[in-house]
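Novice: In the order they appear, the protein sequences are chains G and H. With numbering that gives the first Met the number 0 applied, the first sequence corresponds to residues 0 to 490, in that order. With numbering that gives the first Met the number 0 applied, the second sequence corresponds to residues 0 to 490, in that order.
Take the hints with a grain of salt, since some may be wrong.
To be verified - If the Cβ cut is set under 8 angstroms, some of the chain G residues that face chain H in the computed set are:
#1 ALA29
#2 GLY104
#3 GLU116
#4 VAL152
Stated by the list, open to error - One side only, chain H facing chain G, incomplete, derived with CB under 10 angstroms:
#5 LEU74
#6 GLU116
#7 LEU168
#8 LEU387
Derived from the structure by calculation, the hints contain no laboratory data. Only a predicted model underlies this, so the values are computations on that prediction, with no experimental measurement involved. Glycine included, C-beta positions come from ideal geometry on N, C-alpha and C.
Protein chains: 2
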Amino acid sequence: MSKEITARSQDYAKWYNDLVLKGGLADYSAVRGCMVIKPYGFALWENMRDVLDRKFKETGHQNAYFPLFIPKSFLSKEAEHVDGFAKECAVVTHHRLMNDPNGGGVVVDPEAKLEEELIVRPTSETIIWNTYRDWIKSHRDLPLLINQWANVVRWEMRTRLFLRTAEFLWQEGHTAHATAEEAIAETVQMLDVYADFAENFMAVPVVKGVKSPSERFAGAVDTYCIEALMQDGKALQAGTSHFLGQNFAKAFDVKFSNKENKLEYVWATSWGVSTRLIGALIMAHSDDEGLVLPPKIAPLQVVIVPIYKGEEQKAALDARVQVIMDELKKAGIRVKYDDNDNARPGWKFAEYELQGVPVRIALGARDLENNVAEVARRDKKTKESLSLDNLSGQIIDLLDDIQTSMFNKAKEFQQASITKADTFEEFQAILDGKAGFVAAHWDGTAETEEKIKELTKATIRCIPLNNPQEEGKCILTGKPSKERVLFARAY
Amino acid sequence: MSKEITARSQDYAKWYNDLVLKGGLADYSAVRGCMVIKPYGFALWENMRDVLDRKFKETGHQNAYFPLFIPKSFLSKEAEHVDGFAKECAVVTHHRLMNDPNGGGVVVDPEAKLEEELIVRPTSETIIWNTYRDWIKSHRDLPLLINQWANVVRWEMRTRLFLRTAEFLWQEGHTAHATAEEAIAETVQMLDVYADFAENFMAVPVVKGVKSPSERFAGAVDTYCIEALMQDGKALQAGTSHFLGQNFAKAFDVKFSNKENKLEYVWATSWGVSTRLIGALIMAHSDDEGLVLPPKIAPLQVVIVPIYKGEEQKAALDARVQVIMDELKKAGIRVKYDDNDNARPGWKFAEYELQGVPVRIALGARDLENNVAEVARRDKKTKESLSLDNLSGQIIDLLDDIQTSMFNKAKEFQQASITKADTFEEFQAILDGKAGFVAAHWDGTAETEEKIKELTKATIRCIPLNNPQEEGKCILTGKPSKERVLFARAY
Numbered sequence: 000m001s002k003e004i005t006a007r008s009q010d011y012a013k014w015y016n017d018l019v020l021k022g023g024l025a026d027y028s029a030v031r032g033c034m035v036i037k038p039y040g041f042a043l044w045e046n047m048r049d050v051l052d053r054k055f056k057e058t059g060h061q062n063a064y065f066p067l068f069i070p071k072s073f074l075s076k077e078a079e080h081v082d083g084f085a086k087e088c089a090v091v092t093h094h095r096l097m098n099d100p101n102g103g104g105v106v107v108d109p110e111a112k113l114e115e116e117l118i119v120r121p122t123s124e125t126i127i128w129n130t131y132r133d134w135i136k137s138h139r140d141l142p143l144l145i146n147q148w149a150n151v152v153r154w155e156m157r158t159r160l161f162l163r164t165a166e167f168l169w170q171e172g173h174t175a176h177a178t179a180e181e182a183i184a185e186t187v188q189m190l191d192v193y194a195d196f197a198e199n200f201m202a203v204p205v206v207k208g209v210k211s212p213s214e215r216f217a218g219a220v221d222t223y224c225i226e227a228l229m230q231d232g233k234a235l236q237a238g239t240s241h242f243l244g245q246n247f248a249k250a251f252d253v254k255f256s257n258k259e260n261k262l263e264y265v266w267a268t269s270w271g272v273s274t275r276l277i278g279a280l281i282m283a284h285s286d287d288e289g290l291v292l293p294p295k296i297a298p299l300q301v302v303i304v305p306i307y308k309g310e311e312q313k314a315a316l317d318a319r320v321q322v323i324m325d326e327l328k329k330a331g332i333r334v335k336y337d338d339n340d341n342a343r344p345g346w347k348f349a350e351y352e353l354q355g356v357p358v359r360i361a362l363g364a365r366d367l368e369n370n371v372a373e374v375a376r377r378d379k380k381t382k383e384s385l386s387l388d389n390l391s392g393q394i395i396d397l398l399d400d401i402q403t404s405m406f407n408k409a410k411e412f413q414q415a416s417i418t419k420a421d422t423f424e425e426f427q428a429i430l431d432g433k434a435g436f437v438a439a440h441w442d443g444t445a446e447t448e449e450k451i452k453e454l455t456k457a458t459i460r461c462i463p464l465n466n467p468q469e470e471g472k473c474i475l476t477g478k479p480s481k482e483r484v485l486f487a488r489a490y
Numbered sequence: 000m001s002k003e004i005t006a007r008s009q010d011y012a013k014w015y016n017d018l019v020l021k022g023g024l025a026d027y028s029a030v031r032g033c034m035v036i037k038p039y040g041f042a043l044w045e046n047m048r049d050v051l052d053r054k055f056k057e058t059g060h061q062n063a064y065f066p067l068f069i070p071k072s073f074l075s076k077e078a079e080h081v082d083g084f085a086k087e088c089a090v091v092t093h094h095r096l097m098n099d100p101n102g103g104g105v106v107v108d109p110e111a112k113l114e115e116e117l118i119v120r121p122t123s124e125t126i127i128w129n130t131y132r133d134w135i136k137s138h139r140d141l142p143l144l145i146n147q148w149a150n151v152v153r154w155e156m157r158t159r160l161f162l163r164t165a166e167f168l169w170q171e172g173h174t175a176h177a178t179a180e181e182a183i184a185e186t187v188q189m190l191d192v193y194a195d196f197a198e199n200f201m202a203v204p205v206v207k208g209v210k211s212p213s214e215r216f217a218g219a220v221d222t223y224c225i226e227a228l229m230q231d232g233k234a235l236q237a238g239t240s241h242f243l244g245q246n247f248a249k250a251f252d253v254k255f256s257n258k259e260n261k262l263e264y265v266w267a268t269s270w271g272v273s274t275r276l277i278g279a280l281i282m283a284h285s286d287d288e289g290l291v292l293p294p295k296i297a298p299l300q301v302v303i304v305p306i307y308k309g310e311e312q313k314a315a316l317d318a319r320v321q322v323i324m325d326e327l328k329k330a331g332i333r334v335k336y337d338d339n340d341n342a343r344p345g346w347k348f349a350e351y352e353l354q355g356v357p358v359r360i361a362l363g364a365r366d367l368e369n370n371v372a373e374v375a376r377r378d379k380k381t382k383e384s385l386s387l388d389n390l391s392g393q394i395i396d397l398l399d400d401i402q403t404s405m406f407n408k409a410k411e412f413q414q415a416s417i418t419k420a421d422t423f424e425e426f427q428a429i430l431d432g433k434a435g436f437v438a439a440h441w442d443g444t445a446e447t448e449e450k451i452k453e454l455t456k457a458t459i460r461c462i463p464l465n466n467p468q469e470e471g472k473c474i475l476t477g478k479p480s481k482e483r484v485l486f487a488r489a490y
């Protein structure tokens, strides 16, 4: 083996870090809490971004770009918003360095203090709604459907590669509507876009739901979310879509004249997913040999490794591989021929396993004679001998099958990991056992939610959409409840 | 006319701002020196980015992402580099806000001071080379060919939309090589990529050259550039490619073991273009009616406006337009059917002229009878009646013709704007007259260069590649010179 990976059973957190670092996805940086996204990780993010971007455009959104900096006073305009973000933000106070006249090297120039501090955006509602005031005058300017791909900074104290970093990449949609109904429909539509992306591209099944009030986005009326389940039984919030009501319109005085020529405040949504999704992807599918990536977003879908002795065998393989490559590329498959002769086939096999390349084709001189190739699928770690006749067609089918079966496997795991608990003892036992989502009654108060969290480290992940109504009693207080909500320990 | 545009002859700077603001490309923001890139402007940037990104990947580069923040001490490691950027940078000093205990609202929490200040990246050589130290060990790790799409911040005091903003979007390539020759070849290759992009996509002719030492990038051994010419006779640096020698490798101690197993410092390049290119695009082509965009990167290439009375005429037009749209879309043309009945055709014509849409098709009920459409090309402001038979084929040819003729027009202007001056009086007269590039002898000293700048506001834009060698005398000092260099006033 080229690189040692910690087993999940041994140390799950270390296994995850090994995959990120040794799989070539990201690296630590010299800046506290910030990471470097390496080329392989960035290629994965580009594939994810491109799919999402297409979906946003298909649903009528346009991209734009707003400033990185937010004046401090803007954050304060929406009371809950500032409470949510003020405690962990990067503050720019000066605009110049100078040589220390006392010989202390390069220092901040005290003369270059900003009149008002600027916050590096933790999210852009405030700067965007301040701009929308100029853009929205009439109902004819609505809906305004804008998305931004950007970096944001939240000064997290405990960071983990991809899952929680001080700086991360994301997209944030910010839309403006004439009515509450339209804004809610947009919120739900974008949640569906996220769920579709998670399930049909990342092969990660999700539960769609609504957050409890205490887990809402700071400044939202309602936060919708998709919740994914990791292999260790912990949940991960994979995307959120917020109905913001008129909160930001009121904070930034954004009104429009309606069809009756009366001024009304505008209704808002915002929604986002981030590079955190890469963490979800890794933990949903990967194994002790390395990453397992779903074909639809894998940077490399197929790798071909030649096995030969001497130039003559190599030339014969090259010729045949060229045909296969051409056919696969024509079908839009991302394929690489690794004929680097500095590494042995066995080393390459391990390396591509680690990198999670969905399909590996090994082709030797004898295979050519027999008109076959050895085809290994990463997800199931199985190999089969396939005829070279219409190999590309078979590979394309195989990629489809891998995509589907990765989803099905994760879906089975998810379904088996939603457990009902009717008492606090059951609840605790499930969390300490197989974990996963625990469906339990809750009395609807923030106090109980907080207490359960203190006692068990589990939080309410969401109240699922179309949740069955059912009489029951809160597992902690015994007070009456009308539906179960999903609890879990979470990333 | 829907929106009034200042004429170039009246106030060139105001004309430019009118186009940016009223053409819907960008807007001012509440943050000093930062702008909002509006959806139409961002769509233009996306088209430019996609072409460049493809070219980078075709030349073997991969994208990655490095932290937004640079520790203050990193900037100081390369002496010239810190001199170049320390005077205009955004400095993060704190990581938390708090409620003022004295009731002064939200203030910076003095307890949350960073141990070391962080600089918002003005460019990323330092943080990247600090990372490369871990990535590069052997000659087998080279070349390392990485690009990053990112936002950067330079605290400019005098800003102008797109041309000079405190925050801007760009790409920065950072490559590492085993030899100086390879690094220089990379520098020149990327200059060629930029020149090809400027000329064949933006339709903006450029002069390729090398900067004089005083105009070099801070930390570079040589800065190569492409220089474009605006309609007012001022030059604009449209892209730079730097040979960095071993400067950053030495500053960050990045060594590799060569094939002889000896440790050597790595050779570096960096190269970038930014949203500034949008400013160049606007000023190279546009006119008093609005933007003129080259088809290859225009967000919208063709707009179709129906002219009708009543539902029946509209239905007939709709049916015919659908066929044309389908054909154009199939050919990859970005086309829009504007049948919004809230606006009159005349208003729409003016609006699309302002937005610089290359081709406008007007189709009326009588046109249908006559089997023709009125086709207007934005660049030459001409109209012609084209047969509906194979209209899409004719439009595709027309788009090609517009692309070519926009370049040819700009190229003619550029060629007519390179003037030789042999005395300082001639030099001054040209600058005060038609301006443009002035090819003049220079004694090669930074003092003379500075003096000429003080006297005339003209700078040395570049020493053209493959510059003819010619004996002459410096226009200022009369000292001997072996070649003419290109001076101009510049953005």
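Novice: Work down the list of hints and note, for each, if the structure agrees.
Specialist: Tested hints:
1. ALA29: Hint on G:ALA29: holds, closest Cβ of chain H at ~5 angstroms, below 8 angstroms.
2. GLY104: This interface hint holds because 6 angstroms falls under the 8 angstroms limit.
3. GLU116: 6 angstroms, holds
4. VAL152: 7 angstroms, holds
5. LEU74: 7 angstroms, holds
6. GLU116: Since the shortest Cβ distance to chain G is 6 angstroms, the answer is holds.
7. LEU168: For H:LEU168, the interface hint holds, since the closest Cβ of chain G sits about 7 angstroms away, which is under 10 angstroms.
8. LEU387: Since chain G brings no Cβ nearer than about 30 angstroms to H:LEU387, farther than 10 angstroms, the hint is violated.
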